[in-house]
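Protein chains in written order, with the numbering used here: chain C, 1 to 110; chain F, 1001 to 1110.
Treat the hints with care, since some could be wrong.
To be verified - Listed below are the simulated DSS-like cross-link pairs for lysine-lysine, each with C-alpha atoms no more than 30 Å apart in a straight line:
#, chain 1, residue 1, chain 2, residue 2
1, F, LYS1009, F, LYS1036
2, C, LYS81, F, LYS1041
3, C, LYS81, F, LYS1067
4, F, LYS1041, F, LYS1052
5, C, LYS81, F, LYS1044
6, F, LYS1022, F, LYS1040
7, F, LYS1044, F, LYS1019
8, F, LYS1071, C, LYS81
9, F, LYS1044, F, LYS1067
10, C, LYS109, F, LYS1019
11, F, LYS1044, C, LYS97
12, F, LYS1009, F, LYS1044
13, F, LYS1041, F, LYS1071
14, F, LYS1019, F, LYS1036
15, F, LYS1071, F, LYS1052
16, F, LYS1019, F, LYS1041
17, F, LYS1019, C, LYS81
18, C, LYS109, F, LYS1040
19, C, LYS97, F, LYS1040
20, F, LYS1019, C, LYS97
21, F, LYS1022, F, LYS1036
22, C, LYS97, F, LYS1036
23, F, LYS1022, F, LYS1009
24, F, LYS1052, C, LYS97
25, C, LYS81, F, LYS1052
26, F, LYS1040, F, LYS1067
27, F, LYS1036, F, LYS1071
28, C, LYS97, F, LYS1041
29, F, LYS1019, F, LYS1009
30, F, LYS1044, F, LYS1022
31, F, LYS1067, F, LYS1019
32, C, LYS81, F, LYS1009
33, F, LYS1019, F, LYS1040
34, F, LYS1041, F, LYS1009
35, C, LYS109, F, LYS1041
36, F, LYS1019, F, LYS1052
37, F, LYS1067, F, LYS1009
38, F, LYS1067, C, LYS97
39, F, LYS1071, F, LYS1022
Honestly, the hints are just simulated from the structure, not real lab data.
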Amino acid sequence: GQSLEQPSEVTAVEGAIVQINCTYQTSGFYGLSWYQQHDGGAPTFLSYNALDGLEETGRFSSFLSRSDSYGYLLLQELQMKDSASYFCAVREAAGNKLTFGGGTRVLVKP
Amino acid sequence: DTAVSQTPKYLVTQMGNDKSIKCEQNLGHDTMYWYKQDSKKFLKIMFSYNNKELIINETVPNRFSPKSPDKAHLNLHINSLELGDSAVYFCASSLRGPLHFGNGTRLTVT
Chain C
1 GQSLEQPSEV TAVEGAIVQI NCTYQTSGFY GLSWYQQHDG GAPTFLSYNA LDGLEETGRF
61 SSFLSRSDSY GYLLLQELQM KDSASYFCAV REAAGNKLTF GGGTRVLVKP
Chain F
1001 DTAVSQTPKY LVTQMGNDKS IKCEQNLGHD TMYWYKQDSK KFLKIMFSYN NKELIINETV
1061 PNRFSPKSPD KAHLNLHINS LELGDSAVYF CASSLRGPLH FGNGTRLTVT
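Let's have the full structure, built from the sequences with the hints guiding it.
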């Protein structure tokens, strides 16, 4: 079967840096995505890594190591609005199916 | 506005009833999905359609029946509702890229 592991909760202060790790075990792998979801809202796409390395998009970066079945999302210069749940998701080789991890709730404190 | 829109936003009903959720996207995407998010925020795929053809059908009770009249619409009909069906149901769409989610339908079965 498939499994994605990520921490359930992280707390940090404004301006800090947070790293959310994601390890996965899947039968097929096309890439690792990250989604953000505010309470009561819809998941929204943040980033996608198909190849090893770091992808940077503003304050957020995402990293992938396919050999280690591991990736992370790095949130820099944390702001209060970054308080949300963050999900890693694996795209299987077959079709367009995304399997999500359990989500990491990030709480940013003043 | 270009978006994925689903209705209704809230649905409260009694056990044993039948209900439907509708979803429409005007993004020109060819693939649509239904995801279920439970009270622990775990997001699980239920169904996926590509150009009106069912391509993903996860282990979902057959009380759940999706219907895609065209590639811009994907509806979900649920028969004989049970307490365990209470969740937020998200519609999403994609075009070989990231998923775009609707705002969700919070279903409460009493």
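Review point. Is it true that the CA of F/LYS1009 sits at most 30 Å from the CA of F/LYS1044?
Key: holds, 19 Å
**Study point:** Distance restraint between F/LYS1044 and F/LYS1067, which requires alpha-carbon spacing of 30 Å or less
**Key:** holds, 19 Å
Check your understanding: Do the alpha carbons of C/LYS81 and F/LYS1052 lie within 30 Å of each other, as the hint requires?
Key -> Roughly 38 Å between the alpha carbons, so the hint for C/LYS81 and F/LYS1052 is violated.
Practice item. For the pair we were handed, F/LYS1022 and F/LYS1036, check the Cα-Cα distance against 30 Å. Key: It holds: about 14 Å lies between the C-alpha atoms, which stays within 30 Å.
Review point. Are the Cα positions of F/LYS1019 and F/LYS1041 separated by 30 Å at most?
Key: Status holds; Cα separation ~22 Å.
Check your understanding: Are the Cα atoms of F/LYS1071 and C/LYS81 separated by 30 Å or less?
Key -> violated, 35 Å
Review point. Does F/LYS1040 lie within 30 Å of C/LYS97 when you go C-alpha to C-alpha?
Key: holds, 21 Å
Review point. Does C/LYS81 pair with F/LYS1067 here, judged by a C-alpha cut-off of 30 Å?
Key: Given that 30 Å is the threshold and the Cα spacing comes to 37 Å, the pair is violated.
Check your understanding: Are the Cα atoms of F/LYS1067 and F/LYS1019 separated by 30 Å or less?
Key -> holds, 13 Å
Practice item. For the pair we were handed, F/LYS1019 and C/LYS97, check the Cα-Cα distance against 30 Å. Key: Satisfied, since the Cα-Cα distance of roughly 26 Å is no more than 30 Å.
Review point. Between C/LYS97 and F/LYS1036, does the CA-CA distance stay at or below 30 Å?
Key: holds, 14 Å
Exercise for review: Given the hint that F/LYS1009 pairs with F/LYS1036, test it: the Cα-Cα distance must not exceed 30 Å.
Suggested key: holds, 14 Å
The structure is inconsistent with the numbered hints 3, 8, 10, 17 and 25, although it conforms to all the rest.
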